[in-house]
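Given only the sequences and the hints, what does the whole structure look like? Please build it.
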Amino acid sequence: MGASGLSGGMNGSSIALLFLLSVLPYSLLRSDESHPGRAIYQKHCVSCHGEKGQGSEDYPDVDPLHGTRSLESLAGRIERTMPEDEEDLVVGEEAKLVAEYIYEAFYSESARNGNRIVQPDLTRLTGDQFLYSVSDLIAAFQGDENPAHPKEQGLKANYSLNNRSKAGQRDVKQQNFKRTEPRVRFDLGEGLPTPPDGVSIEEGMTGFHANWTGTLYAPETGEYEFTLRTRNGVRMFLNEHDHKKTPLLDGWVAPGNNIREVKARAFLIGGRRYPIFLQFFKQKEPLSFIELHWRPPNQRREIVPSKYLGAHWVPMRFSTARAMPADDRSQGYERGGTVSRVWLEAVNAVAYEAADWVIADLNRMAKTKDGQPERTAKVRAFAHQFTERAFRRPLSADEKKTQVDIHFAEGRSEEDAVRRVVLNALTSPQFLYPQIANPDPDTSFAKASALALSLWDSLPDGRLWKTARSNQLKTEQQQRKKAQQMMADGRAHLKLTKFFHEWLEIEAHSEVAKDESLFPAFDESVFYDLRTSLMLFVEDTVQSPSSSFQDLLLSEEVYLNKQLGDVYGLGKLPWHFVKKRMPGTKRAGVITHPFMLTALAYHDDTSPIHRGVFLTRNIVGLPLKPPPEAIEFTGHDFPDDLTMREKVTEITRSKSCMACHSMINPLGFSLESFDAIGAFRETLKDSVAVNDDSVLALDDGTTVSISEPRDVARYAAESPQAHRAFVRQLFHHVVKQPLDAYGRDNQEQLLASFTESGFHIRDLYVQIALSSLNPNQVP
Amino acid sequence: MKNTLFDRRSFLHALGSSSAALPFLTGLPGLQAAPKQQAKRVIFVFTPNGTIPDEFWPDQQGEQAGDLKLKRILKPLEPWRDRIAPLRGICNRLQGDGDRHMRGMSCLLTGTELLPGNIQGGGGVPAGWAGGISLDQELKRVFQAQADTRTQFGSLEFGVAVPNRADPWTRMSYAGANQPIAPVSDPKVMMERLYGQVQDRENMEPVVGNVRAELLKLSQQLPERDRMMLQKHLSLVTEVERELQHADTSAELAHPMPDVDPDIELVNDNTPEISRMQIDLLVNSLANDMSRVATLQYMRSVGQARMSWLEIEEGHHGLSHEPDNNKQAREKLVRINQWFAGEIAYLAQELQRTADPTGGGSLLDHTLVVWMNELGKGNNHTLDDIPFVLIGGEKATNFEMGRVRQFPKHTPHNRLWLSIAHAMGHEVEHFGDAPLCAGGALDLRSV
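In order, the protein sequences belong to chains Y and F.
Start counting the first sequence at 1; every next residue gets the next number (this note's numbering).
Start counting the second sequence at 1; every next residue gets the next number (this note's numbering).
It should be emphasised that the hints constitute simulated quantities derived from the structure, not laboratory data.
Beta carbons: idealized from backbone N, C-alpha and C, even for Gly.
Treat each hint with caution, since some may be false.
Stated by the list, open to error - A short list of chain Y residues far from chain F (calculated; beta carbon distances all over 10 Å): (1) Gly55; (2) Pro182; (3) Pro193; (4) Ile201; (5) Thr402; (6) Ser413; (7) Arg420; (8) Asn424; (9) Glu511; (10) Ala513; (11) Ser687.
Stated by the list, open to error - Computed list of lysine-lysine pairs in DSS-like fashion (alpha-carbon distance at most 27 Å, straight line): (12) Y/Lys562 x Y/Lys580; (13) Y/Lys579 x Y/Lys562; (14) F/Lys69 x F/Lys409; (15) Y/Lys166 x Y/Lys151; (16) Y/Lys572 x Y/Lys586; (17) Y/Lys481 x Y/Lys466; (18) F/Lys71 x F/Lys327; (19) Y/Lys400 x F/Lys71; (20) Y/Lys367 x F/Lys188; (21) Y/Lys178 x Y/Lys307; (22) Y/Lys401 x F/Lys217; (23) Y/Lys367 x Y/Lys401; (24) Y/Lys156 x Y/Lys43; (25) Y/Lys245 x F/Lys188; (26) F/Lys188 x Y/Lys369; (27) Y/Lys244 x F/Lys69; (28) Y/Lys245 x Y/Lys369; (29) Y/Lys378 x F/Lys188; (30) Y/Lys178 x Y/Lys166.
The following block contains the structure:
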């Protein structure tokens, strides 16, 4: 490994061009008929690409000339790859002129939009936004504080020792005490719970009852499996305050004194807290033991960690296991761009469940009681409030009648009326299309609605609603202050975390198996631990004070636990995760995280192409089109003595491949010192030394020489191209709309503020949400 | 274990398309032709804490049908005097772990001993769940195994004021050893299970109409570029609305859903209303041939219901412990048991009023009702002389009614279950504990 970093250089004319671009606003670049690039285009390009870059009938495989490359990148690409098989024809100044011409005539987004002002598309709530909004709307009437971090971690415990020998016994002695426990994990053997300091257990005590109560935080949305391991009688209520109802887990009757497992699943909406309550007893059986485990979506089973338990009270929260159909991703990000029958049926079904939930708790939500004379009036008032909160704005007099009052017919019970009101509100276009409900983006209700949607994928909670009501979202300062407050909410954590799932394509790799003979220690649970390790690192970095994009790419440490320590040869490590350096070359944040290296590899070997494509697209931020011809890569078709690097080089050597693989391959090769499970290696089989040196030739003519994995990370951490791509991807995740629908130079402004903040990720998140409050408007 | 919160409307999930479409009514029986073989049905009704024997058992044995003279507790069944048979001398002989209330309850329909466990009763050693399948579930298994006896649900477990806790005192139905089945005590949950889809449709239709009107208005107001999506949405909503309207007229239940208030509060004082709702739902489910086996469980063993509707403020179990010479307590217990008998009389009446959907005659003709208790007598916790009463079902069972059937003392109740299994067409040699089946099925047939 030698010195590293940016090397090579730019020639004089490209510096001149960049200079020109940096001082001239785009509008001054001429794209009209007289542009000198046009003549060159007509001569060398038009036969394949057509007059407006749309392609031609003779060459149906040619993609339209639309894209997100910068002008300099476009010029570099033309210089290197165009016209196909005659690459020397258009080079140097000519390549730049052609690039300039097509960029302004039809290539860039602004060219395609022409002088038209881009407006946000009318979209409905995405599947997640719909579920989250329904749950939060109901929570608004049940108490909707949702801090990401509780004041006190753990659960409140109540212990009650007794000397009872049979049921129904009256003269029972009891000794009670309380404390807060970090988690539910007790192995008391034949003993009894330890009383507080200074208190001793009274004589004759034989059995005890215990309960643990508080909240459980769901870090992700999905199905959770809970397991009680116990020798005794225990039941657990989740999201249920009425402990006369059926518990989620019921192991009250123990068939013996051996350890057994009681399991149940529950679907939880992430970023939110749920009430949890466990009851436990030990009477005549000799031993007592209990552990509460969970298995969050796509993770390994573990004892529910302290940080997800809170020793406070929260209301019950509506949640449903009903799956919404997948949303449209044709623009590269999830958006509510289409409606379908399946979607409508899912919406109706969830609305139904929600109506049931509301009816079951109607008195509390409407703040009334059965038999109260003013109950009817209060229920109707609640129905109005429910609908206005669903519409995210006050109702007009007409709407009060047509959306609410109409359902309160003579002779119909209040419950039936409310059922219809809830169904009506949740299936109304005013709820499903936030832009329709608040057509004027400048009202405080529209601002509140947009803030909640951007930061939380949901609708305003009680506090934000109040702020909107009192018109406190007028100035940018007010908006910023509010947005920063909202960042402390679990919902913001959830949405930001979800972005990293997407950016790192974590869900695409939900199952990864490795060759057992090559990686005997690698199994599913190792993979789950790797995923947990990656997400711990990302969350830790993003939620740290500096929230630094650079740290994400350059951190040398990895979260590891005992199991991972064993697999990657780090000696004895504790059961829980600790930050550690791994052996071999220095790591580089997410790029060399063993999860990514494992997921982006074959079962028995590395895959420089998978790794390279990921780095090119997601980290370096260059768009890649699908390969011109599909070639299946099967490593075993090559002679045995070729290295993976040699095989990839061989199969991608053609010019049409190299258009993209000149970027993909060097990036992928740079990670060759990590094997298919991300462990460091100096040699391949047969003691061939790993070759991970490469040179990255960028479209703008510069080159980057790579001699260790961190060179890629350093390049991306410094590259405006990578920053811009990060801004764009995060924006699309947050707002789910075109960037320039919120000001023509929105992207550049966000980039500038990102740069200025020292690449502070949470700050960018807030900045993006604020930009979404000001959509372009047609006068 | 299911959690009602997360599973409240799981039928919707199973259905895939909730409230919207025609497929709604598939799975519900319509007005089709009756199946060839007429159905045999059985309902097991449980009431707790023993009886007052000398106010329950008729004095004379009644050698012949027709001369049965009912005492106070059975008096409410007077209209059905010729169609009932109190069975005297039958006893729950199961030994093993657990106190008598636990064994009385969890060994009742299972006929097997309790497994070891951690639940300490008022005496004896701690115990766990029953060690085998209960008779209702066994019959369900048999009926569901054959096309001509198979129904939508196979069995339905109704509860009235059963506290929501799972232990050997609250469970009598078992799918197998260690697999207790919880009765459904909330008429609303039962309604959803039986007719959820129909209700959904009724509420959804007017709402869909309202939403359609709103979409229509909006799609006319919006600028051209935004209109397309709303128009598509509008056409989908219109399609759903049309299907809902169509569904309304094209399919209906053979017997319409009973008119019960689904939002009744599950509190002690509402027990009489809940009891009648559950009976209505039960009869309706049989009338629509959704099930041929049912259980109806009042409270639980050791139940402490305070029957304020009878002006009794003490808990039932507490009263049942009072000595025989406590006249007041005794009177109250008689009234409590009379009330239970009255509910069973109502069940008989509703069954009689309803035509059998699978052939001629009434439901009562083809449905055997078995009234049972976990104890013989409350204050001595005896498992002897349990007050078993059979009602109706003569055409299905060929049992003789209208007189007391006296069996030798300590006749194990396993033998009664054999008789009922045989009458239902399930010819087994033993049920539950094999030694207790010695002597085989009891002869209950008319001579």
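Quick rundown of the hints versus the structure:
1. Gly55: Its Cβ never comes within 10 Å of chain F, the nearest being 26 Å, so this holds.
2. Pro182: holds (26 Å)
3. Pro193: holds (17 Å)
4. Ile201: holds (20 Å)
5. Thr402: The claim breaks: Y/Thr402 does not keep its Cβ more than 10 Å from every Cβ of chain F (closest is about 7 Å).
6. Ser413: violated (7 Å)
7. Arg420: Contrary to the label, Y/Arg420 does not stay out of reach of chain F, its closest Cβ about 5 Å off (not over 10 Å).
8. Asn424: violated (5 Å)
9. Glu511: Nearest chain F Cβ is 24 Å from Y/Glu511, so the label holds.
10. Ala513: Y/Ala513 clear of chain F: closest Cβ-Cβ about 31 Å, beyond 10 Å.
11. Ser687: Its Cβ never comes within 10 Å of chain F, the nearest being 57 Å, so this holds.
12. Y/Lys562 x Y/Lys580: holds (12 Å)
13. Y/Lys579 x Y/Lys562: holds (12 Å)
14. F/Lys69 x F/Lys409: OK: F/Lys69 and F/Lys409 at ~22 Å, within 27 Å.
15. Y/Lys166 x Y/Lys151: violated (41 Å)
16. Y/Lys572 x Y/Lys586: holds (21 Å)
17. Y/Lys481 x Y/Lys466: holds (15 Å)
18. F/Lys71 x F/Lys327: holds (17 Å)
19. Y/Lys400 x F/Lys71: Roughly 62 Å separates the two Cα atoms, so the pair is violated.
20. Y/Lys367 x F/Lys188: Since the Cα atoms of Y/Lys367 and F/Lys188 sit roughly 23 Å apart, the hinted pair holds (cutoff 27 Å).
21. Y/Lys178 x Y/Lys307: The given pair, whose Cα atoms are some 20 Å apart, holds under the 27 Å limit.
22. Y/Lys401 x F/Lys217: holds (16 Å)
23. Y/Lys367 x Y/Lys401: holds (22 Å)
24. Y/Lys156 x Y/Lys43: Violated, because 79 Å separates the two Cα atoms, which is more than 27 Å.
25. Y/Lys245 x F/Lys188: Holds. Y/Lys245 to F/Lys188 sits at ~14 Å (cutoff 27 Å).
26. F/Lys188 x Y/Lys369: holds (20 Å)
27. Y/Lys244 x F/Lys69: violated (43 Å)
28. Y/Lys245 x Y/Lys369: holds (21 Å)
29. Y/Lys378 x F/Lys188: holds (24 Å)
30. Y/Lys178 x Y/Lys166: With a Cα-Cα distance of about 25 Å, the restraint between Y/Lys178 and Y/Lys166 holds, given a limit of 27 Å.
Going down the numbered hints, you'll see the structure goes against 5, 6, 7, 8, 15, 19, 24 and 27, while the others check out.
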